[in-house]
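There are 2 protein chains.
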Amino acid sequence: MSAEKTEKKSVYKPHAISGFPEWLPEFRAVEQRWMDHLRKVFESYGYCSIETPAVEELEVLQAKGEVDKEIYVLQRVHADPNEKNEARLALHFDQTVPMARYVAQHFSDLTFPFKRYQMQKVWRGERPQLGRLREFYQCDIDVIHVDSLPLAFDAEMPAVMYEALAGLDIGRVQVRISNRKILLGLVDALGIKDSVAVTRTVDKLEKIGAPAVAEILARELGIGEGAINAILQLASIKGDASALSAIIPRNAQMEEGLKELTFVMKALSHLPASAAIADLSIVRGLDYYTGTVYETALLDIPQFTGSVCSGGRYDDLAGSYINRHLPGVGISIGFTRLFDVLAHYGHIKPGPKTPTQVLVVLPSEERREAAAAVASTLRNRGLNVELYHAPQNVKKQMEYANKKGIPFVWFPPFEAGQGHEIKNMVTGAQDPVDPALWKL
Amino acid sequence: MSAEKTEKKSVYKPHAISGFPEWLPEFRAVEQRWMDHLRKVFESYGYCSIETPAVEELEVLQAKGEVDKEIYVLQRVHADPNEKNEARLALHFDQTVPMARYVAQHFSDLTFPFKRYQMQKVWRGERPQLGRLREFYQCDIDVIHVDSLPLAFDAEMPAVMYEALAGLDIGRVQVRISNRKILLGLVDALGIKDSVAVTRTVDKLEKIGAPAVAEILARELGIGEGAINAILQLASIKGDASALSAIIPRNAQMEEGLKELTFVMKALSHLPASAAIADLSIVRGLDYYTGTVYETALLDIPQFTGSVCSGGRYDDLAGSYINRHLPGVGISIGFTRLFDVLAHYGHIKPGPKTPTQVLVVLPSEERREAAAAVASTLRNRGLNVELYHAPQNVKKQMEYANKKGIPFVWFPPFEAGQGHEIKNMVTGAQDPVDPALWKL
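Quick note, the sequences are listed as chains A and B, same order.
According to this note's numbering, the first sequence holds residues 1 to 440 in order.
According to this note's numbering, the second sequence holds residues 1 to 440 in order.
If you're looking for bench data, these hints aren't it; they were derived computationally from the structure.
As the structure is a computational prediction, the values presented were derived from the model and not from experiment.
Mixed in with the good hints there might be a few duds.
Below 25 Å or equal to it, Euclidean Cα-Cα: the simulated BS3-like pairs (lysine-lysine) are [unchecked claim]:
1) Lys439(A) - Lys204(B)
2) Lys69(B) - Lys204(B)
3) Lys353(B) - Lys40(A)
4) Lys40(B) - Lys353(A)
5) Lys40(B) - Lys349(A)
6) Lys238(A) - Lys266(A)
7) Lys64(A) - Lys13(B)
8) Lys40(B) - Lys40(A)
9) Lys238(B) - Lys266(B)
10) Lys64(B) - Lys193(B)
11) Lys403(A) - Lys40(B)
12) Lys13(B) - Lys69(A)
13) Lys13(A) - Lys64(B)
14) Lys403(A) - Lys40(A)
15) Lys207(A) - Lys259(A)
16) Lys193(B) - Lys40(A)
17) Lys403(B) - Lys40(A)
18) Lys349(B) - Lys40(A)
19) Lys40(B) - Lys349(B)
20) Lys69(B) - Lys13(A)
All chains should be modelled from the sequences, with the hints used to inform the complete structure.
Below, the structure written as structure tokens:
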């Protein structure tokens, strides 16, 4: 007995693992409400859900060459060294590569254009800090088609995401849209060879500012002043479709990009004024984007830096896995990053600690069956109901409701022949009630 | 150009990874419907959602000593050998250990009794076969209390799970319930020392039959014929609370077990006759169960062997992580195992390939805005609506609806002044319609 007690004292004290967030029930309730809302919006535009395993073969994740994401590889604790060599499995670091693999693998079973959403955890072994996690949810929508993909979908992405984010009570949301062909066309017209370096530098505009970008373009890439001015002037253009009409295209690529971006902006004219703007400073660092690109800012939460929802058009993402040309366009919410940063700054109002709407009081062991019947009746009418677990005094039972934030307490008859009463825990009002009729 | 073409032919052909299931959209839709239903039932009894990270520190998973589950440990591809030694992280193999850790870690922030549900993927590096996967969802409910936990919760578990499973269209479900104190009491009364070996042998009854169990008890454990008969006779008892009244307890432990089991069975008397039965052959292999134990059979699907939903009462699961006595009771659905086996045997009717309920035809590029407005109106009324992406001929647009199984096609005016029509793709009927009034 005393040996057991001694043993019990040497407990392993659990603690949070840095970069792997978990929430108390009252915050998890908000996370669930948010995800339910996103799902509802995605489905209202006809996106179907898919889920891929948490792992892919390492070879799939690296099909386009080494990736700069820190990948977690799996290893079994008791791996048998004599076992035949199995493929190395690794946790996916985003949902784009798995989606491309999924589409290639199930190509003949899917109907195109294929519209899917995906809301799963992804993992990156990066050094954790606020806004940079090792495990986080991404919420993505993508459309993939065969051979060519109508531009209408480039316009659908920001419309869906605006609606999705606007429903989360996080203030004003602004999707910023550009088309890489415009900047790439200009770079080509200016006779600059290293377009990748230019786009990666312009991508830093918001972070480091125009003078610093100009300096890198001049010193590191050896670009002349006139060309730098032309690039920075283009990147400074912001506004609606009409702001684009001032740009004079210097070649066919620029013209195509302008035409596409104008189409997208016009198709978004039904959104509120600041919801979607053309912003030619948006280029996205990733090289696989070939046309439209998106970023999203939270206008009312200055502590949230960077883009909460980004994406773009890609020409042939599944090309490593299938001999078909499958262009697509997609956009992704860094869900947990958003949630984590907003929670950190106190922008998330905790939800209820329990889904229970009504606590039915248990008057006595003898009245258990009758009280359980009330709980069951209410449950059958779609309510979330707990029957208190023991016939303790009523004060104690109400204390439980109070602590968990249960909004209503139900008093079934304490003796046969008596009536039912319900207490509103917010107003304190207590009234007679009919279990067959009461509604929330 | 030709170099690129040659390169494109050497694609990596993706294939399924054994043990890591993924579904086509029409099966994923069913999986989602099932999970939504489970969640709804769990919440209707006041269980709140929690989610823990996919990983725990290996030390946490092994706090009770080496586990027999095959654990996956994480390793970063580019781990820096000079980095200070980080704790080894491993994917969780169930949700019980993480839940115990969660409760211990957040003890002071939770309200008890703490009722939670958890529906996450877990991972086990076992050799995959039908019904044994490496990645799968578990759907658990547990109640944890401080110091002592009322028996009412032992009765709530099977009631919730019966309702949850009965809503899945998988035929009759039967929860089989026992209490380990009854068998353990008998074993003690019979003077048998190795009670663990006896329970593990009796646990094999359904699989290997009574004669084989008797032989193991006799040969391997050296138990006499009379004692074996007493054990097997006890284990053969099945029925409702009245079947238990025939058992004569031989000591206080047996008596306590019988009293508890009788309480649980009486509390379940409101369920349909075959929904919950006392079955004294149920013991569960896991040693941490101390009282009530559950298994669940699918009566109408003989191909599904073993238990679809199991659990029991445990006295002190979080004892490795906190110096408090936290008894609990829980039950868990092996969700993906159920889904995978049923899909394999053709018991799952695929759902729709898309959530879209109405496809709005795009008459022409000029009419895009008007058609988009119709789609938007319908969406605002809670419908899932796609606007066809290009002004192709109507036959082509209807073919798309047909292929994806979209039930309604909407024809907005092809010219200003015309009316709207809607076509029911199942009946073929096409009728005039008002976008402001139409309901599904």
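Checked hints:
{"no.": "1", "hint": "Lys439(A) - Lys204(B)", "result": "violated, 49 Å"}
{"no.": "2", "hint": "Lys69(B) - Lys204(B)", "result": "holds, 19 Å"}
{"no.": "3", "hint": "Lys353(B) - Lys40(A)", "result": "holds, 16 Å"}
{"no.": "4", "hint": "Lys40(B) - Lys353(A)", "result": "holds, 16 Å"}
{"no.": "5", "hint": "Lys40(B) - Lys349(A)", "result": "holds, 23 Å"}
{"no.": "6", "hint": "Lys238(A) - Lys266(A)", "result": "holds, 15 Å"}
{"no.": "7", "hint": "Lys64(A) - Lys13(B)", "result": "holds, 14 Å"}
{"no.": "8", "hint": "Lys40(B) - Lys40(A)", "result": "holds, 16 Å"}
{"no.": "9", "hint": "Lys238(B) - Lys266(B)", "result": "holds, 15 Å"}
{"no.": "10", "hint": "Lys64(B) - Lys193(B)", "result": "holds, 23 Å"}
{"no.": "11", "hint": "Lys403(A) - Lys40(B)", "result": "holds, 23 Å"}
{"no.": "12", "hint": "Lys13(B) - Lys69(A)", "result": "holds, 23 Å"}
{"no.": "13", "hint": "Lys13(A) - Lys64(B)", "result": "holds, 14 Å"}
{"no.": "14", "hint": "Lys403(A) - Lys40(A)", "result": "violated, 32 Å"}
{"no.": "15", "hint": "Lys207(A) - Lys259(A)", "result": "violated, 28 Å"}
{"no.": "16", "hint": "Lys193(B) - Lys40(A)", "result": "violated, 58 Å"}
{"no.": "17", "hint": "Lys403(B) - Lys40(A)", "result": "holds, 23 Å"}
{"no.": "18", "hint": "Lys349(B) - Lys40(A)", "result": "holds, 23 Å"}
{"no.": "19", "hint": "Lys40(B) - Lys349(B)", "result": "holds, 21 Å"}
{"no.": "20", "hint": "Lys69(B) - Lys13(A)", "result": "holds, 23 Å"}
This entry does not satisfy hints 1, 14, 15 and 16, going by the numbered hints stated previously.
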